[in-house]
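Chains as they are written, first to last, in the working numbering: chain D, 5 to 363; chain A, 5 to 363; chain F, 5 to 363; chain U, 5 to 363.
Hints are computed from structural coordinates only; laboratory data are not their basis. Where hints are given, some of them may not hold.
Note that identical chains are pooled: a pair holds if it fits in a single copy or bridges any two copies.
Derived pair list, reagent style SDA-like, types lysine to any residue, alpha-carbon separation capped at 25 Å [claimed, not checked]:
id, residue 1, residue 2
1, K205, S131
2, K283, E257
3, K195, T151
4, K117, E257
5, K311, V180
6, K358, P35
7, K358, G153
8, K174, D274
9, K195, V180
10, K117, K195
Model, not experiment: these values are computed from the prediction.
There are 4 protein chains.
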Amino acid sequence: MAGNSFGKIFVLTTYGESHGTAIGGIIDGCPAGIQLDLEEIQKELDRRKPGQSNLTTQRKESDRVTFHSGILDGLTLGTPIGFLIPNKDQRSKDYSNIENVYRPSHADYTYDKKYGIRDVRGGGRSSARETACRVVAGAIAKQILATRGISVIACVRAIGQIEINDLPVKLDVEQVEASAVRCPDPETTNKMVEVIMQVKKEGDSLGGVVHCQVDGLPAGIGEPVFDKLHADLGKAMLSINAVKGFQIGSGFEGVKLKGSEHNDEFVMEDGEPTTKTNKAGGVLGGISNGEQIYFDVAFKPTATIYKKQQTVTKDNKETEFQAEGRHDPCVVPRAVPIVESMAAITILDAMLRKESNQF
Amino acid sequence: MAGNSFGKIFVLTTYGESHGTAIGGIIDGCPAGIQLDLEEIQKELDRRKPGQSNLTTQRKESDRVTFHSGILDGLTLGTPIGFLIPNKDQRSKDYSNIENVYRPSHADYTYDKKYGIRDVRGGGRSSARETACRVVAGAIAKQILATRGISVIACVRAIGQIEINDLPVKLDVEQVEASAVRCPDPETTNKMVEVIMQVKKEGDSLGGVVHCQVDGLPAGIGEPVFDKLHADLGKAMLSINAVKGFQIGSGFEGVKLKGSEHNDEFVMEDGEPTTKTNKAGGVLGGISNGEQIYFDVAFKPTATIYKKQQTVTKDNKETEFQAEGRHDPCVVPRAVPIVESMAAITILDAMLRKESNQF
Amino acid sequence: MAGNSFGKIFVLTTYGESHGTAIGGIIDGCPAGIQLDLEEIQKELDRRKPGQSNLTTQRKESDRVTFHSGILDGLTLGTPIGFLIPNKDQRSKDYSNIENVYRPSHADYTYDKKYGIRDVRGGGRSSARETACRVVAGAIAKQILATRGISVIACVRAIGQIEINDLPVKLDVEQVEASAVRCPDPETTNKMVEVIMQVKKEGDSLGGVVHCQVDGLPAGIGEPVFDKLHADLGKAMLSINAVKGFQIGSGFEGVKLKGSEHNDEFVMEDGEPTTKTNKAGGVLGGISNGEQIYFDVAFKPTATIYKKQQTVTKDNKETEFQAEGRHDPCVVPRAVPIVESMAAITILDAMLRKESNQF
Amino acid sequence: MAGNSFGKIFVLTTYGESHGTAIGGIIDGCPAGIQLDLEEIQKELDRRKPGQSNLTTQRKESDRVTFHSGILDGLTLGTPIGFLIPNKDQRSKDYSNIENVYRPSHADYTYDKKYGIRDVRGGGRSSARETACRVVAGAIAKQILATRGISVIACVRAIGQIEINDLPVKLDVEQVEASAVRCPDPETTNKMVEVIMQVKKEGDSLGGVVHCQVDGLPAGIGEPVFDKLHADLGKAMLSINAVKGFQIGSGFEGVKLKGSEHNDEFVMEDGEPTTKTNKAGGVLGGISNGEQIYFDVAFKPTATIYKKQQTVTKDNKETEFQAEGRHDPCVVPRAVPIVESMAAITILDAMLRKESNQF
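Could you put the whole structure together from the sequences, leaning on the hints where they help?
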């Protein structure tokens with residue numbers, strides 16, 4: 005009810021303020037008897053962490069996850085998986101400069117309006133640090149999906165005004181990871197790195213678009229009315245910090261086409277119905293049709309900038325605010341594993357929901 | 005679990021196939037003692053119905069809703085509101101032409117893959133007819149929100165390649181309803197009517213974009229992590245038939261701005277913190293900030309067209325399909341009350357969730 | 005949230021006040037492709053209806069259920085099953101005698117405290133009439149369970165101070181239905197009939213105990229911590245009007261035994277582990293063990309009596325109240341199909357939940 | 005869905021196997037701005053722990069709870085409260101004697117049937133150790149309820165065949181805690197201690213009945229149909245390890261009374277409607293009526309005994325089993341804080357649900 009759980013059968017619940025002693029979570033409803041590679045989970049966490057290159061923040065968070073339950077000798081027990089990530093960076097910094105000031109385009113003001121109280125240290129619960137827990141659950145979901153040959157791969161499609169021209173029809177994870185900004189095109193990568201370095205120098209920030217592809221999902225997954233597969237995917241993405249938009253398949257561009265241009269005709273291929281095109285993005289009527297699921301996620305530019313901005317205090321006085329400390333000028337590359345994680349959780353959950361409908 | 009319910013506290017559950025005896029629903033969790041105008045609900049239903057002008061289908065569905073419970077002498081009892089809309093158009097038409105054929109970009113194929121059985125008449129459960137029930141619940145939610153001075157108004161922003169240039173900062177419902185396509189600009193309306201008439205003649209179809217504004221919502225509404233207010237709004241919209249995209253505030257365009265251009269600075273106005281700009285679209289960290297909430301919803305072109313298309317049969321044979329009967333070449337104007345309804349349900353539900361957090 | 009839904013995967017939501025135009029419900033999550041015998045559902049409804057003998061009220065409710073969706077040619081579609089039972093007995097009777105009076109041990113007072121408004125006619129939403137909807141869903145669940153060889157049979161174990169001595173280890177539905185009070189022992193039946201006739205003459209009422217047996221359920225069903233199978237069964241039973249107690253297996257008597265007397269030792273039988281005794285009532289650690297599930301449900305005496313009672317009015321004045329009209333002096337025999345229905349829904353739901361845990 | 009969460013608004017989710025590294029949980033939906041006494045929470049945990057007297061097991065679990073989030077300077081933040089209790093007793097004992105043997109009346113067999121895998125050490129997830137997490141959440145709920153003058157106090161009513169004659173109409177917590185078995189009557193306490201010492205000597209075990217009283221709850225709390233207040237209380241109790249029965253108010257004894265003997269007549273007292281008697285146990289139609297809520301919970305005798313019992317192995321061979329190690333001959337006194345905790349969580353959740361219904 006308070007919104008800290010995601011999923012209906014494979015359910016992730018998270019807790020944790022940015023600068024408390026730890027963040028963590030519980031995964032309930034993970035099927036039993038599945039072999040998990042715990043090192044692989046840690047690697048996914050490392051993909052999300054700050055300080056991976058000089059493009060991102062230099063804070064050295066070393067997020068180490070420990071599991072307390074639900075896994076025995078690498079096998080899932082079917083019981084809830086409790087996990088914890090200690091907060092290393094919780095030294096008593098001086099937060100007096102933001103304690104009573106509402107940082108523009110941050111959640112300080114709205115948390116105060118909602119709860120009447122908030123942990124001002126590092127953004128508290130509103131910090132994107134919470135997404136580390138999503139990556140833990142997502143890494144598990146990805147491993148489970150992989151046992152069925154289902155892959156979830158995302159990449160950076162655009163940063164600021166730089167956008168890749170030709171997205172690969174099928175992403176290659178090595179190609180993505182080879183790029184400093186997780187863009188599968190080297191030339192675009194260079195341009196993106198350039199603009200990021202430029203805004204960093206300016207004390208400014210950039211947003212971007214993450215593109216994600218799910219391959220191998222069989223037809224028939226998704227609930228058809230309110231919990232359409234792409235509706236749940238959309239919610240999953242929009243729940244990530246800084247996301248302002250989601251589109252699947254042809255998305256906002258598709259509205260410019262006529263039906264005859266947009267419809268995906270069916271043909272037979274290898275004995276299975278398949279579509280000649282995939283404007284739908286792999287979903288018809290909210291249910292997967294066996295084609296690739298692909299979608300885009302829009303991230304606004306990071307709210308934290310080093311320029312002076314006008315704002316107000318908790319006691320309703322106008323003032324100015326300028327950020328200090330080390331922050332990413334562009335978080336979009338680090339958002340790639342988060343997008344993948346939320347997609348994997350959503351897809352696995354939908355598959356388990358389908359099981360519950362069989363008798 | 006099977007996805008026919010929406011909301012956490014104000015919960016709508018719907019049932020009904022397009023050509024069964026009736027569609028209907030239950031609204032659970034409606035607060036008690038609220039005066040409802042039942043005629044107003046019927047009027048909202050009428051806004052959704054086909055046959056409102058020569059731009060839309062000429063089927064004369066007269067959707068009359070009857071309420072069976074939860075309301076006494078116009079006052080809500082706090083008990084579930086059961087309602088029913090008889091299906092008038094359920095005469096035994098000949099569906100043999102589509103019984104074994106998967107219509108391109110419809111849900112015929114995916115329903116079969118999911119359930120192994122489906123009601124072929126008029127699309128069955130996958131028909132947009134189901135959205136009539138959403139309008140009933142949405143009309144109730146709108147009335148309840150209105151008692152707090154909260155309005156939810158949507159309009160058509162684009163149809164095909166025709167898009168309004170300057171959207172009013174605050175929509176006027178009369179202005180919207182005065183347009184044959186629910187576009188608040190008369191000149192754009194004319195162009196939209198023109199392209200719709202054109203594709204109708206061609207036997208083709210169009211999509212479009214619906215824009216929605218929520219005014220009067222106080223700050224502090226929304227749950228901050230997975231159930232961010234705009235995540236729930238996004239899911240609500242993406243659950244509507246034919247929707248392929250959702251964006252709030254600056255959306256996909258906003259990613260091209262720098263943080264310094266995108267951030268909404270706070271100033272004091274009438275003794276309340278307010279923002280100079282509203283790139284955020286009224287939500288910070290998933291919680292309303294007291295500014296206008298506005299968002300866009302992308303509808304793909306209607307899948308039903310009168311052109312011959314390639315497809316396959318249930319028993320995996322390639323064939324051709326051409327639609328018959330009367331169908332809208334563009335459903336976007338009729339989608340306006342559906343978007344408003346889903347928005348109103350989502351907002352009201354979020355407000356009730358906030359109540360549950362008080363003690 | 006408002007408590008009008010039951011189940012997690014096979015979900016029943018009901019609506020309806022006793023004297024509104026209709027009661028009804030939606031069953032969501034019913035598996036697809038299952039053959040239903042609709043006449044059989046009506047027969048179960050008839051088992052619940054008043055006026056079956058001169059022991060029960062003479063009101064001639066003829067509860068006819070109609071289905072609006074989710075079933076085509078007798079087969080479930082996997083989509084929600086909407087159904088409706090018109091209220092025949094809704095003529096505008098005179099309720100002025102109870103409008104402002106809180107009937108003792110009824111829910112008039114508490115509904116007013118909760119909602120600030122209530123439908124005074126026939127108890128409104130608090131009437132046991134609502135349980136007719138449970139019987140519709142239960143009848144469907146029973147049919148689905150029967151396809152797996154699982155039976156759910158209940159009987160009357162006690163009425164007032166009359167209790168059957170030796171309960172059959174396995175109930176026979178014909179034997180139960182042959183009794184005017186649904187007690188499988190003819191001699192006890194006679195005594196029960198006698199006391200009911202006696203209190204009827206006195207204008208008084210009786211309670212009793214319903215006993216229920218579930219046979220054929222395989223081991224491994226139920227969730228182990230908060231949603232233990234017997235916890236969900238207990239909740240299901242306690243949600244039925246007038247129920248004040250629930251016990252499974254040895255129940256309250258079992259606390260008097262030592263562990264060595266109470267433990268059910270395992271032995272092999274037909275190649276399967278089985279227990280020599282069944283004090284557990286078929287559940288260990290909240291999960292079925294393959295033995296018979298049996299439990300008891302305590303119903304308080306009907307609150308409506310024809311004796312003068314002290315009470316208060318809505319405006320806090322002391323007064324007296326004496327019931328009028330026709331009411332059952334003992335509803336326990338009619339509760340048998342309700343108990344079976346809630347048990348069947350709970351068991352089926354638990355089985356579907358187990359499916360959702362497989363991958 | 006997998007049953008490791010309890011509550012709808014104030015939601016506790018727990019994780020942890022008996023001999024993993026830790027157990028723990030997340031409380032989501034705790035209202036913001038409430039002052040918590042963390043020492044008091046630890047004291048409640050201490051009430052549950054083994055080794056409190058020579059009547060209980062001598063294992064020295066020192067359950068220390070640590071909080072990781074949701075609380076700042078003793079005030080709740082409205083964000084999820086993550087907590088953890090390390091398992092001290094997790095040294096690699098020899099479990100080879102039970103690894104392949106199904107202990108009678110334990111959950112070993114059913115876990116294997118459900119999951120196909122289980123943690124055999126100390127019962128794994130099926131161990132009552134999990135209830136420590138319930139006590140943490142319950143202690144918080146009790147503190148929150150206390151701010152409204154609501155108390156939740158339980159005691160031991162019966163152990164084996166020894167039962168207290170006259171239960172105090174209003175329990176006194178000091179009186180209860182003064183008893184070695186948490187029975188408010190010194191004489192009965194002595195008898196209970198005696199039988200426990202006796203069965204301990206015999207290597208046998210005992211069950212009992214816990215009685216619980218909730219005072220100060222205002223009228224109007226509870227949802228009226230499926231989530232009746234006593235149905236949720238019943239489920240809460242039946243979800244506790246070893247519980248086989250629940251009754252509220254007059255319970256199973258009440259069925260022997262006539263309506264005229266059982267009905268609680270209303271009178272005015274201090275300007276408020278109140279009932280002359282309280283057979284209902286404080287609930288009418290599932291909603292609190294302002295009187296004391298009281299109920300009984302039946303615990304079966306502990307399954308672990310030191311007598312040789314017949315059983316079967318995982319590979320379907322008959323064998324014998326005799327428990328080793330230190331175990332309580334009677335856990336009922338330690339169950340008192342668990343019953344209180346589950347009651348407090350249920351009551352607080354119901355109160356918050358009522359808030360969600362106001363507008």
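Tested hints:
no.: 1; hint: K205 / S131; result: within (24 Å within a copy, 54 Å between copies)
no.: 2; hint: K283 / E257; result: both (10 Å within a copy, 21 Å between copies)
no.: 3; hint: K195 / T151; result: neither (37 Å within a copy, 52 Å between copies)
no.: 4; hint: K117 / E257; result: neither (37 Å within a copy, 29 Å between copies)
no.: 5; hint: K311 / V180; result: neither (32 Å within a copy, 41 Å between copies)
no.: 6; hint: K358 / P35; result: both (14 Å within a copy, 10 Å between copies)
no.: 7; hint: K358 / G153; result: both (17 Å within a copy, 24 Å between copies)
no.: 8; hint: K174 / D274; result: within (19 Å within a copy, 54 Å between copies)
no.: 9; hint: K195 / V180; result: within (15 Å within a copy, 44 Å between copies)
no.: 10; hint: K117 / K195; result: neither (41 Å within a copy, 44 Å between copies)
Hints 3, 4, 5 and 10 from the list above are not met by this structure, while the remaining hints are.
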